[in-house]
Every structure is written in C-alpha cells, then in structure tokens.
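Student: Each chain is listed here by its residues.
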Amino acid sequence: MIEIQDLTVRAGAREILRDISVSIPRGKWTCLVGPNGAGKTTLLKALLGMNAYSGTIKDNGVEVFKDSKRNVAFVPQSPQIPSGMSVAEYVMLGRSKRDGWGKESTKSRALVSEILRQTQLFGMQSQLVIQLSGGEMQRALIARALAQEPELILLDEPTSALDLHHQIAVLNNIEMLKDRGVTIISTMHDITLAAMYAENIVVMRDGRVSLSGPVSEVIHSPELKDAFDNRISVYTLDSGRPVIVAAKDSSSEREIPQKEV
Amino acid sequence: MIEIQDLTVRAGAREILRDISVSIPRGKWTCLVGPNGAGKTTLLKALLGMNAYSGTIKDNGVEVFKDSKRNVAFVPQSPQIPSGMSVAEYVMLGRSKRDGWGKESTKSRALVSEILRQTQLFGMQSQLVIQLSGGEMQRALIARALAQEPELILLDEPTSALDLHHQIAVLNNIEMLKDRGVTIISTMHDITLAAMYAENIVVMRDGRVSLSGPVSEVIHSPELKDAFDNRISVYTLDSGRPVIVAAKDSSSEREIPQKEV
Amino acid sequence: MAVALLLGVGLLGVSFGPIHLHFDQIVKTLVGAPGGLKGQDRTLLLDLRLPRVILAALVGGALATSGAVYQTVFRNPLADPYLLGVAAGAGLGATLAFTTTGGNVYGLLPIFSFVGGILAVLTSFFISGKFFAEPNTLLLSGIAVGSFATAIQTYLQQRHSDALRPVYSWILGELTAANWRVVGWSSIYILSSIAILISISKQLDGLMLSDEEAYSLGINPHRLRIIAVVAATLATATAVSASGLIGFVGIVVPHLVRGLTRRVTNRSLATIAFAGAAFLVLADLGARTLLSPAELPIGVITAFVGAPFFLFVLRNRRMVR
Amino acid sequence: MAVALLLGVGLLGVSFGPIHLHFDQIVKTLVGAPGGLKGQDRTLLLDLRLPRVILAALVGGALATSGAVYQTVFRNPLADPYLLGVAAGAGLGATLAFTTTGGNVYGLLPIFSFVGGILAVLTSFFISGKFFAEPNTLLLSGIAVGSFATAIQTYLQQRHSDALRPVYSWILGELTAANWRVVGWSSIYILSSIAILISISKQLDGLMLSDEEAYSLGINPHRLRIIAVVAATLATATAVSASGLIGFVGIVVPHLVRGLTRRVTNRSLATIAFAGAAFLVLADLGARTLLSPAELPIGVITAFVGAPFFLFVLRNRRMVR
Amino acid sequence: PSAQAVSIPERIVCLSPSATEDLFAIGAGAQVIAVDDLSTFPATAPVTKLSAFNPNVEAIAAFHPDLVILNSTATKADAVKSALETLGIAVYFETAPNNLTEAYSEIDGLGAKVGRSTEAKTLVVNMKKQIASIINKSRKKKAITFFHELDNTLYSATSSTFIGRVYKDFNLANIADKASKADDAGYPQLQSEYIIKANPSVIFLADAEYGESLATIKKRAGWSKIAAVTKKNIVSLPADIPSRWGPRLVDFYQFIATAIAPIK
Ligand SMILES: Nc1ncnc2c1ncn2[C@@H]1O[C@H](COP(=O)(O)OP(=O)(O)OP(=O)(O)O)[C@@H](O)[C@H]1O
Ligand SMILES: Nc1ncnc2c1ncn2[C@@H]1O[C@H](COP(=O)(O)OP(=O)(O)OP(=O)(O)O)[C@@H](O)[C@H]1O
Ligand SMILES: [Mg+2]
Ligand SMILES: [Mg+2]
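Chains as they are written, first to last, in the numbering used here: chain A, 54 to 314; chain B, 54 to 314; chain C, 544 to 864; chain D, 544 to 864; chain E, 2 to 265.
None of these hints come from the bench; they were simulated from the model. Don't be surprised by glycine CBs; every beta carbon is placed ideally from N, CA and C. Keep in mind that a hint or two might mislead.
Calculated cross-link-like contacts (lysine-lysine; reagent style DSS-like; alpha-carbon spacing at most 27 Å) [claimed, not checked]:
id	chain 1	residue 1	chain 2	residue 2
1	E	K198	E	K233
2	E	K138	E	K265
3	E	K179	E	K226
4	E	K226	E	K142
5	A	K111	A	K231
6	E	K129	E	K143
7	E	K226	C	K571
8	C	K581	E	K143
9	B	K231	B	K122
10	E	K179	E	K130
11	E	K265	E	K220
12	C	K581	E	K220
13	E	K142	C	K581
14	E	K143	E	K233
15	E	K129	E	K179
16	E	K219	C	K581
17	C	K571	E	K198
18	A	K160	A	K111
19	E	K182	C	K581
20	E	K226	E	K169
21	B	K160	B	K122
22	E	K169	C	K581
23	E	K122	E	K142
24	B	K122	B	K111
Just so you have them, the derived chain D footprint on chain C, three or more residues with Cβ under 8 Å [as the list claims (entries may be wrong)]:
id	segment
25	610-623
26	681-695
27	783-797
28	840-848
Derived, one-sided and incomplete: chain D residues facing chain A with beta-carbon distance under 7 Å [what the hints assert, rightly or not]:
id	residue
29	M751
30	L752
31	E755
32	Y758
33	S759
34	L760
35	G761
36	V807
37	T808
38	T814
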C-alpha cells in the first residue's frame, strides 16, 4: 500500500494540493483522472519523493521523501529532451541504477534491445532523440522507464502523443509489468482507456481528491461527472466495459454506435 | 485552395516527406492523420513556409516559402515555453503582427481578454506560463493562435494535453473560425474527434499521402486502416458519425456500447 | 520616472569632484540664466564634467541594453555584450594602434578599436556559416575568434612590452578621454542603436519561442537576430572605442532590472537602458571622488558596488529565471 | 589509443626545444639503459623538460575535463572552468601574494591562488543559497563574485602598480615554474579529481534531463552537481595555481572532441581529458620553440593554433548541438 | 680573498638593458656573450632575440653561459633562476633601483660579481661628481610645479619614484604628490580637472612617442589655459634614457637641466 496522509504541496504561496489522504494499492494499476489543473501531475511528482511536501506519503510503511532505495520510474508529461543523445543511449540511461555508476552489463544491453523492439523503436537506436517525432519520443521515454525494471512506475499522460494503435501497444506493455508485481500509477485524460487498464481510479479536482476506488464504482459515481462539471457522459459496453466521452454540444448527443460498416 | 505539388522535405540525408501532392481546400477544416512518424508534423511545418523544401506549395496561387504576407497561426506539438512571461503577455504575442512593432492596441487588449475567457484562462493572466499545467499551457498556446486572427491555422495535436471537456470546448472555439473563412489544418491522433470536426482527412504513412478526401469517404476506406496496419476499427453512430478505436487485443473486441447506466 | 532619475544622477555627477560646484549655479549655467558659473568653473562644468557624465550615461546605456539583447538572442543568461569578439577585436585594434602606428596614437585609438571590434564580429558571423540558423554555433565561433584576436594581441604586447601600460590602462576602461567630440560621434551610434533595439523589443520576446512559432507570429527570427545583434554590436563597439572595456554593466544591470521588476520580457529594455546609464554615471562619480585627486578605474567601482547589490537581489528575491 | 597519442606527444615535448635531444637517448635515459644522456642534457631532460611536459599534460587534462563537466552541469555551451569565480579568486589570491607578502612570493603564490580560487567558489555557492536548486542562480552568483574579486584585484594593482607586471605575466599562464615538487602536489589533486569525474560521467548524462527524471534514474541531481562542480573546481584551482590562467583549453577542447566524435554525452570525458592533455603539451612545445629564444605565453599558442582548427571543425562538421 | 673572487665569469648573458650599460661602462663588455633584445646601448653590445621579460631557460642555456643577469621583475623570475641553477648556471638578480644610491650600489654589485670592482667604483665616483655639478648649476631657487605624464589617461609618477626623485633634485614641485595615497608604488592616475586646477608650469611627456605634444595637449578640454601650455613649457622625454638606471643617468640629468633652463 502507498498511504498518503494530509498531503499538501505548495508552489510559492499557492497550495496546489490540499490535505490529500488516499491509499493506492501495490501491484495494481491506479489512474489519476480529473480536469486540467486538478493537480494530477503535482501528485505524481510528490509520489516520486524528490521534492519536499507536508504530510506523509508512506510506501510500504517508509516515507518516500528522499528514500533512495526505491526504484521508481517516472515518465513526465513534457520531458526535457537532451541534445546529442541517441535513442539507444537514452533508453540505456534507465539501466544506470541497476548497473551502477559507469558500468553497462551484457544483460542490460540485451534487455534494452528487447524493449526497443517492444516499443517499435528498434530501427532507430542510433537516431538522436531530438530528431524523433512526438510519438516516437514518447515511446523512447516509456522504453527508458521499462528498462529501469522499476517496482513503481509513474506515468503522466503516457499516450498523449501516440497514435491509436501505439496507445494500445504501449499500454499493453505496461500492463504486463503487473505480472512482476510492479505498481502502476498514471494520469490519463482518456478515461475510456483508463477504465480499460486501471483497477483503481482516483478522481481529482481543484487540488483535492474527490473520490477513489475500484473502476466500476468510480466510473458511475456522480463525483466523476462532477469533477468535469457534468460535461461528460458514461456508456457501458456489453462486456460491462465503460466508454466515457464529452459531448460536442451542450445538448449532448447520446448516440449508440452501430456495427462497423 | 492550398496546392501541394511533389513536395519533398529532407532532414540531413533522409527524406522525411517524399513526393507529396495533395490539395487542401480553403475555409475548411482538414485533418492530417496517420501513425507516429508518418510525417504529419513535418507537413504542417512545411505549410508554415519558414524552411526550404523542394516541390511547390501554393496558397491561393502564391508559393508559401518566405511569403511574409500570410497570417498563419501555428500551434506546435511541443512548444518552447519561455521563462518569465505571463499568460497575458504570451497570448498578447499573437497580436504583434497585427499591431505592428512595439504597439499594443485597445482592440488587442479587449480581444485577448475575450479569448482568455473562451479558453478558460481568464483567472490566470498574470501567472507565468512555465508554471502552467500541461493542459493549461496547451490552451494558452491555442489562445495565442486565436489572438492572431489568422487566415490559416495549423494545429499539431491541439488536444493532446486537454481533458475531455476542454478538448470539446477548445475544438468548438477553433471550429467557429470557419465562420470567418479561416482555413484550419490540424493533426489529430483521436480520429473520432477528427471525424467530428474536420471536413477533409489526409491519411499519411511513411512520408507519403495514401489518401485524401471528405471525411465520409476516407473514414471507411481500406487505406485508413492500412495506414495503421489494420489495427483500428471503425463504427458508425446512428447519426452517421463515425467512431474509430484500436482494439486492446489482437482478437479485437467489437462490442456495442449500451445506454448509460 | 527613469528619465528624472537619470537627470538627478547626472546633476550629482556634474556637481561633485575635486572642485565642488553648487546645484543652483549649475542649473543656472545650463539654462543660460544669469548668476551662473564663470571662468574656470564654467569651463570645468561645460567642457569637462558635462561631456564626461553624458559619455558615462551613453556607455552605460549601450552596454546594459546590448547585454540584455544578447541574453535574449542567445537564450543565455551568461551572454554579455563582448561575447562575439567585440572586446577582443577592439583590444587587438587598440594594441595595433600602439604598436604599429607612429604619429598621434591616441587619436587613432577609437578608430582602430572600433574597426577591430566590428571586424571580429563580422568574422564570427562569416565563419559560423548559416548566420543565425544556430545561435550556439555563432556563439562558439565568436569565442574562438575572440580568443584568436586576444592571442595576437598578447603576442604583440609581448613583442612590444613598452606598450603594455597604455594598453592595460585602456583595457581597464576610462572615461577620462571624454570630450564633446567623443560624445558627438558616440551618441550618434549609441542612441540610434538603442532606439532600434527598443523599437524591436516586443519582437525580441518572440525569440524566446521556437523559430517556427516566432515566424508564425510575423517575426523573421533569422533577420530579427541579425538586426538585434548588429545594433547591439554597433552600440558596444562604440562604447568600447570611446571608453575601453568596462565590464560588469552589460551582464549584471539587465539581470538586476529583471530581478527587481520580476520581468524577463524585453518590455523592460528602456528601463534597462536608463538603469545602465544611471549606474555608470554613479560609478564614474565614485571613480572621480573616492581617491580624489587621483582617479580609480571605473571597472573597479562598477563591480565593487554592483556585485554586492546584485548578490543581495539574487539572494533575496527569487530570481525569475 | 589516446594513451599512446599522449605518450607520443609527450616524447615530442621532451625532445624538442632550443637544445634538441634525440629520441633514442631520451628513451634510454628514462628506462635507465646504458648510453643515455649525461651531464647538463640529462639534467635538462629529467629536471626541466620532463616535469614541464607532465605539468602541461596535467593542466590540459584538468581544464578540458572541468570545462566539459561545467558545460553539462550548467547546460550551457559557454560554461568554462573559470565560471564560478575560480579564476578571479585565484587572481586575487595571486595579487595578494604579490602585494601583501614580502620575500618569497613565488613560494606562496600557488597557495594563495589555490585558496583564493576555492574561497571564491565557496562564496558563490553560499550566496546562491539553495546550492544547486537553480544552476542559473549559482552561475550568476559566480559571475558577481568573480567580478567583485576582480574589482578588488584591480584596485590592489592600482594601489601597488609595481605588482602589475608580475601579476599580468602570471595571468597569462606559464608552465615555466614546473618542477617535480609542483608536479607532485598538483598531480594528486588533478588526477583524483579527473578520476572522480570520469567515474561519474555516465551519471552526468542524467543531468541533461529534468531533475525529476534524473532522480527517478537513481541520480540525486543536487548531490551529483555538487560532486561534479567540487571535483571540477578542485582540478581547476590546482591547474590555475600551478600555471596561471590558461584560457581556451577548457571551453574549446570539449567542443572540439564533441564536434569530431559527434558525441555530446559524457562517455567521451576520458577522450576529452586526453585530448586536453595532448593539446597543452603540444601548445607548450610551441611556446618554447616557435619564437625561440624568446618564450611565448602558452595562452597565445593555445588560441592561435586551437582557434582556427576549432573554427574549421565548427564550419565543416555540423556540430551536434 | 674568498674562492669566489677567483672565478671571474667569462660568458655572461645579460637580460637587463640597464645592467648591459653598466657592464660595458665598467669594461666588462668583452665578457658579455649575449644581451636581450631591448639592450640597445651601447651599439657594440651583442644583441640577441632573448627576451628579458619572458626568459626562455633553455634558450639561455644554449649559450652555455657561466653567469646570467636577470631582472627580478621578469616573468616567474624565481622559477627561471632556480631552473638555471639546476642546470649549474649562476644567476645574478638585478632589482630596479628606487633612487640614485641604489643605482650606484647596483653598479658596485655588478662590478664585484664580474671582477671589475675598481672600475665600478671609479664609474660611481665620476657619476656622482657629474650629477652633483649639473644639479648645482641648474637647481631652481624657487620651486616650479610640474606634471609628468605617463599616458593620456593621465597616469603620473610621484616624488617617491626614481624619476620623481630626479625632478625633486632640481627643486621641481610634483603635482602628483597630492595623489600619492592612490598607489604605493608612486604611479597614481590623476584627474584632468585636478591638473587644470593645479596649473603646473611644466609638463613632461613620457608619452611623446605615442604622438602627444603641445598641439594635442592644447586640444584637451580646459588645458589650453594651463601655465605650461600658455608658456609652451612642454618637454617631450626621449624613449629609453628615463628608464635606464645606469651610466647614462648623467645624460638624463643633463637633459632635464637643459629642458628646464629657460623656465622661471
Ligand atoms: N510553480 C507554480 N506556481 C503556481 N501555480 C502552479 C505552479 N505549478 C503548478 N501550478 C498550478 O497548479 C495546478 C495543478 O497543476 P498540475 O500540473 O498538477 O495539474 P494537472 O492536473 O497535471 O493538469 P493537466 O491535466 O493540465 O496536466 C495548475 O492550475 C497550475 O497552474
Ligand atoms: N532531423 C531529423 N533527422 C532524421 N529524422 C527525422 C528528423 N526529424 C524528423 N525525423 C523523422 O521523420 C519522421 C516524421 O516525423 P514527424 O515529426 O513529421 O512525424 P509525425 O507524423 O508528426 O509523428 P507523431 O505522430 O509521432 O507526432 C519520424 O520518423 C522522425 O523520426
Ligand atoms: Mg499534468
Ligand atoms: Mg508529430
């Protein structure tokens, strides 16, 4: 369990997160959803443990702040892209922690090749990361996180630059981490996708958590809709899987899709 | 009409776009779709006319390269975020071309206020842009483009960081530009959204255009599926509006959504 | 307000010195009212102090403005107006004046250093190839050209070690050479350069964005960078040839103004210009009075007073980066 | 290969000079085989040239490595090893040695300049407040502290103008003072600093990312920056106190190696160290022989030979930015 | 009668223009095998390209000297000295004198070092006599104010410097003395308006070689009314003599004496 108690995060005078208390189960996929500016990115960064916060965040009973023993992968919303570094070098950075300073094991090289193949970057190892397209860069970033073999992976909008097919491909790859007991925490604007992959959802609004729980409970709750000012609609598929969309007009269309033509 | 003839764009030795010929109607919304790395961003930048290309791109019969008379707004996929600039100043930059060097008209100030309201950034005028959340920044970027009152607006994944509601809100705002005869060209990974807003779709793959035409024609064409290696499925709503999704498994689920519960 | 401040500082500047002149008499003399200064005091005010104070203001304004512009153009807080080799080129020019020419060396000094500074920057431009396609390439090219010029200068000084003292005292930066002729020609270049820079200051903000974004906003980033750097270089080269190398002003005054106003945009360019002018007038006053009747090199005062103040601002106001 | 190159260059370095020594005799002397050099030539080789060549290699390696590390840490291609005030502090220390101590100035000089350099950097650290939370704040703080130190130094030189020439010649950078004692103490600091820097070079690549990303990769960015800057500063301060201010090497050699190898990552740090060492050994050879019997300041050669070469690389290989 | 006195150096490399003049004047010229590039006097001195300011140890050693005379202000003079000594070459440090007494003892010291003590003593006695007689004839009864200009940024020399003492011997009043607190070594930078106010009767231009003259000085703001300018009492100093503290000091005294003779 990751236990968050009375978490408050400030930027200057402003409180971006206010008194958040929520638990996130280990070994599961938890998705943070909420409108722009709700504080999702801020919460994700707090979970990383690099910067000071007030309140407590305990991961397996240990305070996360400056706990250098954890192996946490972090996929930021907008990464700082280093110039002059190749895709292979970039992904290999994920191995630093495991290989130790200045070393590069054979295992790492094999693993990185494998991951590059999984993320469909294999032909691009020697291309510079600054020359990648938006989606390719995002995959390189995720590849680096996978190379880390983390115990916890934090993903901030991991699919925002991916095409439809790669969204699925990449999320499937991430989902497989659960087999190894990895905890996954991500933000995701596409709540349909979130509901497809996550077991738990945390709904945020205005720097607070308004609801958290299993997907099935949260998805149909008024709190979710409320977080988006009731501008979204929720449908359910035959299989029970939900689809969440916003309507184009205020007189929101509620149509039912037909079979493919 | 924007007529593109035999357009080839190189980066170093590599041809990123190869012999593209396609026309894009004025006063309409055209969406570029295709998998990551297809060359959408590159084509959008070529349409901006800043960098050299081979072939011709004629906008109303005039070559776009270094044609400084055009007023083209450009919303990049990943903007360079200036430090120390407030949201209001950032959006006001969009007025530079109209107001002239060093001036700032009353009209501009009123217009910028109006646009900040439209993009729901009004309370944040004096916040620094580097302090914005991902979605707020993307809205600021679009607000700047709107402030430009352009004749052509180029949008590279304008909704990638927006929550469901703001996606719709922002796209609605952009759509309204058509009333003033503005031409809209955007890329969009969410083909469902693309089909909702665009009149025309250009399908790209591997630096080439594989098909272009009205939404209704393109959406149901094999070329679209082919561009994504047949990993996407297309449904049609009652109203005839299409929904495009990628399946989670290779044994792609084809479920039909039920009424809201 | 900035103008009033500058005028006030200027009045202080002309009033104090080894001989103290009274404010009211100064004002009377300047406006031509009866009861003004006479004789030697009048000469002192009109022919010595006034041109010196004006030159200090011009040079301070030029360096601060150019520094701010360079910092924006190269997106580098370390950039200073001497970056592209102006200083080294001017230094080489000055040394050449001392070592190779006979006749009236001091008369040739401004011309040699001006030409040297401009030539060095042109060489940097030329070698960096695609001009401003890559600001960082230009910047590295400037460093290399500057080092090269400095190497030749040092070599010449070694060969002509008698020229060491005059070159060194020129490098220290002096406003002692101020007179109406110097003020005349330098004000033309400096004021027009500053005017150009201030008029494009709103556009310069666009350079904080990517080139494509700037282009779509109606800015030609390549051309704008060239205009900005050329104007800034012209101002700097003029300042250098009129008064040697005065350090610190160009890099610190812009950051100081930004720290105090918490603004990074180039709207504050006019404020920066005035602040630089006032700062150098005050520093020059210090240079003239602290060890009077001897004179302190102005560079000592600028850094001696400016550095602690800057450090204070840096520490106490969270700098807007 | 880099090692072989350095050894080859070193052999050239000990062989040439106003008095030419033959390779075979040098090698015999060094390995202790019969038929080696005798008398004055032997002393020349063992007590003069050898320590000088070794010192050149140490200083060159120190400056190039530190420069590369500063450039990464501050994400600034303009960064050079003198950035945080080492140079100015050391210059002030050296000036103090000349002006305040009578007697054995040269014995005290290295200590004074070393302490001055380190103190200046510590002051920059202290004033910038949160250490490395904001590299740019530290960097500006370094500039201000450096300017302040330079102001005091200039002032002292004004007050004690007889110290002008020795300080100036010290600033120019000299390897003339090389002897085994200097090589002894400087090799300890320099080699251990370089070893630390090379051992953390892979981690340094992580500093090209955002702090959060680096942290998640197992790097403590604040601590890593401090380690890197402290080690680089120690190497630089040692180099400066052993040989004065030798410019150009620290900024240009790293860019040169990156331009030639087209690599920006810090994997090339060892190559940069060797390149810096070989470059300075060659430059020193030039300093001793080119204008023989006069000796040229080594800084003149580094820039004179290095700048055109660098410009050539800059122009012909599209620099990896 | 020590062992040292026996070993008279026969291969001297002299890296100081003043010492070169001294050596030739005391008859040790034949022992000098090489002098630095600025030792231009006497004409018979064996000028080489050796630098006195930036000495190259190996280049000096290549002459196989048995004594090297080194100026103590040369670059890294200490290091050069110890390197030469490592090679078994004796080094004599020449320090710039601050006054006549030190200049004389410099000559005596050099004489002793090169085995020409008697000649050195004779030279010193002659110099003293000649200089005393010049001063006697030309010393001003009433002090005359003057300004000594080093360069056009108005650096000057106070009475504590060697050149300042020379002026003082003629009872000239140095306007730079008021600024002596600005530089321990006696070279303060004066303010233009102070010079105008001090109104010196004579101006000595050490920067005449850079083109400064009555004509250029007149053009300086406010300077045209200075007494020295109105009376045209502007003295252009020659390039080398004022900085050679050897036998030609006599010539320098004579030069000043001649220059100030018409001034009342
Ligand atoms: N340094 C700062 N100073 C002031 N406000 C800040 C700062 N950083 C973030 N904020 C504000 O805090 C709020 C939360 O930001 P955060 O990035 O966590 O949002 P988010 O939920 O990730 O939004 P998005 O969906 O747009 O990515 C935003 O409104 C943002 O403007
Ligand atoms: N400077 C460059 N050098 C080499 N290859 C490049 C360069 N710039 C872009 N590319 C390649 O060109 C291809 C097209 O890039 P582009 O950014 O146009 O793709 P895109 O369609 O916008 O992709 P995405 O959906 O990921 O944003 C990519 O495969 C990219 O790796
Ligand atoms: Mg976010
Ligand atoms: Mg793209």
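Student: Which hint numbers does the structure go against, in order from smallest to largest?
Tutor: As far as the earlier hints go, 8, 10, 13, 15, 18, 19, 22, 23, 38 are violated by this structure, in ascending order.
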